[in-house]
Amino acid sequence: MTQTPLSSIDLKDGRFALSYGRDNANLLSSIDAAGIIEPVTLLDRKPYIPVAGLRRLDCARALRIRSVPAVIVDIDEQEALLKAIHANIERGYNIIEKANALYKMNRSGFSQKDILSSMRYLDLDPHEKVLKIFIALAGLENMYKDFILKNTVSLRNIGSFMQFDISERRKIVRSLAGFHLTESTLREIFEMLHILRIRKGKLTAVDIPVMPNADSLRAHLKERTHPVLTSLTRKLKAIRDKMALPPGIDIKVDPFFEKEYIDLVLRIKDVEDVRTALAKISGFADAGYLRSILELTKGTIR
Amino acid sequence: MSLQKVQFVEHNTDIIRQCPGTKNHICCGYQTIDLIEGCVLSCSYCILKAYLKNDVIKVSCDRDAITGELDRRIDGSAGHVLRFGTGELSDSLALDRQLRLNEFLVDYFGNKKKAILELKSKWADFRHLLPHLNPYTVISFSVSPQRFIDAEEKRTSPIHKRLKAARLAQDNGCFVGLHFDPVVIYDGFERDYRYLIEDIGRILDPEKIIWISLGLLRFPAALYGQLIEKKRRYLLTGEFIRGEDGKYRYIKPERIRIYKFLYKLLKNIDSRLFIYLCMERADIWKEVFGITINDNQGLIQLFDERIKNLYGGML
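Taken in sequence, the protein lines are chains A and B. Anchor point for the first sequence: position 103 equals 103 in the working numbering, and the numbering is continuous, going up by one each time. Anchor point for the second sequence: position 102 equals 102 in the working numbering, and the numbering is continuous, going up by one each time.
Because the hints were derived from the structure by calculation, they are not lab data. Idealized CB from N, CA, C, for every residue including glycine. Some hints could be false.
Only some residues are given here: those of chain A computed to face chain B with a beta carbon under 7 Å [unchecked claim]: (1) His194; (2) Ile195; (3) Ile198; (4) His226; (5) Val228; (6) Leu229; (7) Phe256; (8) Glu258; (9) Glu260; (10) Gly299; (11) Arg302.
Under the rule of at most 30 Å between Cα atoms (straight-line distance), these lysine-lysine pairs were calculated in the BS3-like manner [to be verified]: (12) Lys298(A) with Lys267(B); (13) Lys259(A) with Lys242(A); (14) Lys267(B) with Lys208(B); (15) Lys286(B) with Lys252(A); (16) Lys264(B) with Lys164(B); (17) Lys259(A) with Lys264(B); (18) Lys208(B) with Lys114(B); (19) Lys202(A) with Lys49(B); (20) Lys267(B) with Lys259(A); (21) Lys222(A) with Lys247(B); (22) Lys230(B) with Lys113(A); (23) Lys298(A) with Lys235(A); (24) Lys161(B) with Lys267(B); (25) Lys154(B) with Lys164(B); (26) Lys235(A) with Lys247(B); (27) Lys259(A) with Lys247(B).
With the hints as constraints, model all of the structure from the sequences given.
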């Protein structure tokens, strides 16, 4: 280990940089208080090329530290990249960092077999299809990477997102920015957008408007991909609104209007509750509400 | 025709099975003889794509075991006529010219005279079977408009060849079956089906069409993602919902509309045609045909009556 002047290191050389989306604030405070304890790894070139410890070097520069403890290694670039990947394996990588690692291995001439086997220690399924998604992910613009990271988008949804073209991706991210998105909401939104895209050939701004929340966007898309279902759902809501169901009675209708029956659910505490509920249900039947709901399940109304 | 590997495998004990059917959908009670697992035709919507793990086509044909099992089932089925087919996990005819798997079955059913073998296909060549054909073998074809075949059934025979082959079967003393399955909603599909049904009326003898099935496109959830990924526009135009069995199918009002449309066109050919719905709910039967079928037995009974009428009594 040597104490190496910062001026002899090419701090702009990020060929082995993997970190993405990490906040340096804590590291900065720590280095400011105690200095760099763990030496950085540098490739023995002129100037030195950072292999591991790039965030520490960033902090050192920010703190105007003149020299840092370093281990100088004279190895080829493939070995150096492996060293860089393994240096932080214990800390763990986020999905973009994993993508960066695989992308860089691919670019450095590692065989497909070697890259696939390295996926295991990155905690990934070693499949070609997965690798393809990760390599494409590394090449995305930062706005997409940030979106993926912020929403902890799953690999499945990333794969789905990648199938949109560049201008569509931009519209999608703009439309979804700021929403709280669950995995299933995102999957559903992407699925509907794909359907629209397949039917129309291309998505336009009308298909992906900026809406107040994810539910509004989902409803907007549903109306376009599922017009009959949307119409039936609205009709059901209108009937329910008229019925003004009391708290102890519920009517459950198949959300896809497939089942030809409906369930009436009663919550009772005593016999009197039963009598009251039955009288109420009888009133719904006399007023034609139940028949109207059943009509919706028969497939004769659109 | 195909680069897929054909592999002969050990006899599978479940080689003859009752069609699994699906929850709350009425099944015709067809029994399957799974001689082949996998298909060279590779239609884009094929559910085998979701079920089978690799591209290898597995052939299993222990003739003695199969005929023994057929004997057991047919002899034990007093009261109604069993219908068997080889087209569940593969196409019945696509590889048959090379593999000659159907000949012994056709001969078996011809000798047995108590049950029916249905060879379902999208492949229009069965000339090698002509010397074996008998009235107990039904040659059936899936039928779709040519435009759809060009887009989604690329390796199959064109529709005019399928219809010509069906006519050849009729001319050789066989009944034929027609399966409008899958019926798919795409721009202009109504016009295409109208022309198709006109062609059927012109080319085939309706008296020798034993049955016609109608089945709108449906597929397991696993296939939905694949269809989206492959941008299958023809297959994704309609409005899909998840059925009670978990499969994707068109929303009910659309299914009813299309079944009624096809039913009317077909009945215009000949009002005596026997038309049934493949894997549909009881209320759809009621709405489309105006008849009440509550369960599988109700449909099986209709088949028995149909066979009785055509064959002059129970087999």
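Now for the hints, and whether the structure bears them out:
The interface hint given for His194(A) is met, as the beta carbon of that residue sits about 5 Å from the closest beta carbon of chain B, less than 7 Å. The beta carbon of Ile195(A) is positioned within 7 Å of a beta carbon in chain B (closest approach about 6 Å), and the interface hint is therefore held. Because the closest C-beta pair between Ile198(A) and chain B is about 5 Å apart, less than 7 Å, the hint holds. This hint holds: His226(A) has a C-beta 5 Å from the nearest C-beta of chain B, less than the 7 Å allowed.
Hint status for Val228(A) relative to chain B: holds, with the closest Cβ pair at about 5 Å, below 7 Å. For the restraint placing Leu229(A) at the interface with chain B, the shortest Cβ-Cβ distance is roughly 6 Å, inside the 7 Å limit, so the hint holds. The interface hint given for Phe256(A) is met, as the beta carbon of that residue sits about 4 Å from the closest beta carbon of chain B, less than 7 Å. Of the supplied interface hints, the one on Glu258(A) holds, with its beta-carbon coming within about 6 Å of a beta-carbon of chain B, less than 7 Å.
Checking Glu260(A) against chain B: minimum C-beta separation of about 4 Å stays under 7 Å; hint holds. With its C-beta approaching chain B no nearer than about 3 Å, Gly299(A) sits inside the 7 Å limit, and its interface hint holds. A least Cβ separation of about 5 Å between Arg302(A) and chain B falls short of the 7 Å threshold, and the interface hint therefore holds. Using a Cα cut-off of 30 Å, the hinted pair Lys298(A) and Lys267(B) holds, with the two alpha carbons roughly 24 Å apart.
Between the alpha carbons of Lys259(A) and Lys242(A) the distance comes to roughly 23 Å, so the proposed pair stays at or under 30 Å and holds. The hinted pair formed by Lys267(B) and Lys208(B) meets the criterion: a straight-line CA distance of about 15 Å does not exceed 30 Å. Distance restraint check for Lys286(B) and Lys252(A): the Cα-Cα separation of roughly 23 Å lies within the 30 Å cut-off, and the hinted pair is therefore satisfied. Between Lys264(B) and Lys164(B), the direct Cα distance comes to roughly 23 Å. Compliance with the 30 Å bound is thereby established for this hinted pair.
For the hint pairing Lys259(A) with Lys264(B), the CA-to-CA distance comes to about 26 Å; that is within 30 Å, so the pair holds. Taken as a hint, the Lys208(B) and Lys114(B) pair is honoured in the structure, with Cα atoms around 19 Å apart against an allowance of 30 Å. A threshold of 30 Å between alpha carbons decides the hint, and for Lys202(A) with Lys49(B) the separation of about 27 Å falls inside it, so the pair holds. Restraint check for Lys267(B) and Lys259(A): the C-alpha separation of about 29 Å stays at or below 30 Å, so the hint holds.
Of the pairs offered as hints, the one joining Lys222(A) and Lys247(B) holds, with about 19 Å between alpha carbons and a cut-off of 30 Å not exceeded. At most 30 Å may separate the alpha-carbon atoms for a hinted pair to count; Lys230(B) and Lys113(A) meet this at roughly 27 Å. With a CA separation close to 14 Å, the supplied pair Lys298(A) and Lys235(A) stays within the 30 Å bound. Using a Cα cut-off of 30 Å, the hinted pair Lys161(B) and Lys267(B) holds, with the two alpha carbons roughly 23 Å apart.
Between Lys154(B) and Lys164(B) the CA atoms are separated by roughly 19 Å; this keeps the pair inside 30 Å, and the hint holds. Our distance criterion of 30 Å between C-alpha atoms is met by Lys235(A) and Lys247(B), whose separation comes to about 25 Å. With a CA separation close to 14 Å, the supplied pair Lys259(A) and Lys247(B) stays within the 30 Å bound.
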